[in-house]
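Add chain W to chain Y, keeping to what the hints say.
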Amino acid sequence: MRARLVPFLVLLAAFAAAPAGAQQGVTDAEILLGGSNSFSGPLAFTGEQMTKYGIDLYFKVVNDGGGIHGRRIRTVYYDDGYKPQEAVANTKKLVEQDRVFAIIAPQGSPPVVATLGYLEEQKVPMLFPYQSSPVTRGKKYVFQGMTVSDRSSVMMIDYLAGQRKYKRFAAIYQDDEYGKSFLTAFEKDLGRHGLKLVASESVKRGVTDVSAQIAKLQAAKPDVTFLVLVPGPAAQALKERQKIGWTTTLMVSTGPLTDERYLALAGEAAEGVEGLSLWPDPLTSELPGVKLYRQHMQKYFPKNEPNRYSIAGYFAGMLFAEGAKRAGRALTRDSLIAALEGIKGFESGILAPLTIGPDHETQKQGFWVRVEKGRFKTLTDWLKSE
Amino acid sequence: MSTAALVHVVVSGLATGSIYALMAISLVIVYNATRTLNFAQGEMLMVSTFVGWTAHQWLRLPLPLIMLVAVVAAALLGWLIERAVIRHSIAATHFDVLIITLGLSLVLRAAAVLAWTHDEFPFPSFFADRPIALGPVRVAPVSLGIIGGSLLLMLALYGLFRGTRLGRAMRAVAQNQRAARLMGISVERVYSASWILAAVVGGIAGVLIAPVIFLSSKMGLVAINGFTAAVLGGFGSMPGAVVGGMLLGVIENLAPLYLPSGIKHSVPFLLMIAILLVRPSGVLGRARRRKV
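One line per chain: the protein sequences are Y and W, in this order. Taking this note's numbering, the leading residue of the first sequence gets 694, the next gets one more, and so forth. Taking this note's numbering, the leading residue of the second sequence gets 9, the next gets one more, and so forth.
Next comes chain W alone, as it looks inside the complex:
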């Protein structure tokens, strides 16, 4: 395999990996605040991307506005789901909520099929598919664009968590809900904000990846790799989610380069099992010790 091809495959893997990372981040945001896994994350992404696309079909909006529509739709959906469903199950066990989100994912997918059929649709892209040459290496602007866009979003999230009152409140709730409440933080507001924020991250990821994997009611499946990425990096850790996502994207691409391509889908899971055996808390996860 030539170096140029290798570089392309790695860059392409980093691009898909960025999307996995964004999915992992959205899952972690909800998990840290509410200790529940949101199985509907992928379907929320799918619905918001479809809404953006519909706006494009009707009004011929330019792409930045489509992104905006998708993000607003995602935020509304996140807010609505949290308000209408999740908050009412605040007293339920984590397992119950998990099943609720699983049910939500099925409902959202069925609704999307009714509204937008089973078809796959092309989605407009910010970036071109035609390669640009950097010396002997050719890279596709679309891959670089996805990586760049994702990194910017990650930086913005970092800023939000470190520098704002809301970010600090969210981190406080993640650490200790009771203590946070005693400090006067509105846990309900943090719940709501977490769902909205996670949905927005998903909404942006959806618009970035839709030109590559096409828009369809099945595109939410990309969230499954987000779960793997989050576990790889150490569930609950944001930098871990980023590292896990990138690692997963690259390995998923490198493995079939050297092994039969049928194995592509099993390698990440083999790796995940291996990492969990050696480091049960994930690559960057902090080992949790609970005092008895």
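Only chain Y is shown next, with the shape it has when bound in the complex:
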């Protein structure tokens, strides 16, 4: 009989711990944010850069400048190693034990999807998850971080079929959710231009040889070949193209792939590859926000080289700070949501002026780049996705 009382008592204690009026995770002196992210597993580098050298970098700047309405921001992160079940456990711990105000920048579609329902039910904001699948749409407490795959597709196809007048498109894609979400979007957007994919070939993770796929694509004579792959296989595909001397197609990589690590793997085979870049070059861009980011990195983490992941985290920190500032001293979850929804033409100095609005998407534009001598060279201004 006593065992039955336990959940009741726990519930009672929970109520007692949260006095009416105060918002969980917000005290007079502090705002507590948390996140489950990859600090081990395949995305460990990304996770570490985004959180400790990105989000926290921006918050150090904010805290040293007196905080937000007198409150310092503190963060706590747990490692999920890109595993959904770990992400769920971590997120529950963050909400129920650490009692965070909001979840910030969790990473990867599977872990993010696994925690979406719980957070929405608990009315805890999930801010700027770093993943590209559209599953985060239409949720009151979720603000998407990375450009969603169908928006990337609109920008890519409109630019290539519209401005550049290419007619024949093909794709080599990862045989999973990531690859397929892009493939579906490409087909839809090509349809708007009265075109279709002339060939598409799939690649599984951990593949040793992509010669057959590349040979089949070459036989279809596409003007443009999309690479919707993770860095390893993508570099293999580019090297394979070099092996057969196939020069009559333009290789275009999808947004998440436009990253220096992949360039390093493919080496000279990456020369001439084009793609949609979602972030300005963190090392060389002269945009005022990027220069400031480099200064801050130099000040707080002089040994850490600027990169796309840390700047993504830095931007997430900046957006949260902007929302919390606008929400005022009486910060609650709902006032934060309303404040973020009200952001119009926000100048970050890093991305194009941002209007969030009811779609809750915080990154809607990218620009076109081409690999020249191992770096991305910018070819266009910000492209539109709506």
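Hints were generated in silico from the structure; no laboratory data involved. Just so you know, not all the hints are guaranteed correct.
[To be verified] Residues from chain Y shown here face chain W by an in silico Cβ test under 7 Å; the list is partial:
no.: 1; residue: 737
no.: 2; residue: 855
no.: 3; residue: 858
no.: 4; residue: 897
no.: 5; residue: 901
no.: 6; residue: 936
no.: 7; residue: 937
no.: 8; residue: 938
no.: 9; residue: 953
no.: 10; residue: 958
no.: 11; residue: 960
Where is the CB? At the ideal position from N, CA and C, for every residue including glycine.
Frame of chain Y; chain W shown alone:
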């Protein structure tokens, strides 16, 4: 599909197939001597290739020396594993040893992640990626190089097994351990030599394939295809391992040329099941009859 493309795909398949064959050979070497399957073969290859690469990063060694460092590292690792772990389980069942090697593979991979992270790294290659034209056909030097290098290594192994005392001892132990011991062959030495030799073959295979599939803590997975190749050819047979590896590489490449590419990974296994049904001992395996 044009003939030129077909030739390229087949040559590329033979190149990957050569690596599968080398993996199969290393598995067979250990199996013949000790009757155990070494599930850590792929991870041993991965570790020795990483060691070679680290030497390259630190000392900017030329490629032949990297190969040498990787081979020495592989030999040491093979010797160490046999000495420190496998020899102590000499009385254990084959199944126990198999689980031990499985555990070793996990340990090695975890250690590699600690030392070299989860990243993928480019690896320097002996051969160029740019194609050379042979008439209407274009082939990549890297494919030809891998095939050539593997064939040379196979020839050297053939020479070792046929022409040297150690090779004969290894074959004798493979045939009948007890008889070999009675003839004065040190079975322990043969065990040790088999592990070292298998590791060295893996080490060379690693340096050959790393420029193609990139260096990462996951690259040991290539050994799985080595198992398939060994079974295809008839487990225990060296020529069978070579034929099985080449067959697997080519079929894996030809299948998606004519079938949807999603099927690529299942074809070799369908083929393996078919061959095992028709010829349970594999393509070149000798049917074993046991007298009752």
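Task: Hint numbers not upheld by this structure, sorted from lowest to highest - done: 2, 3, 9
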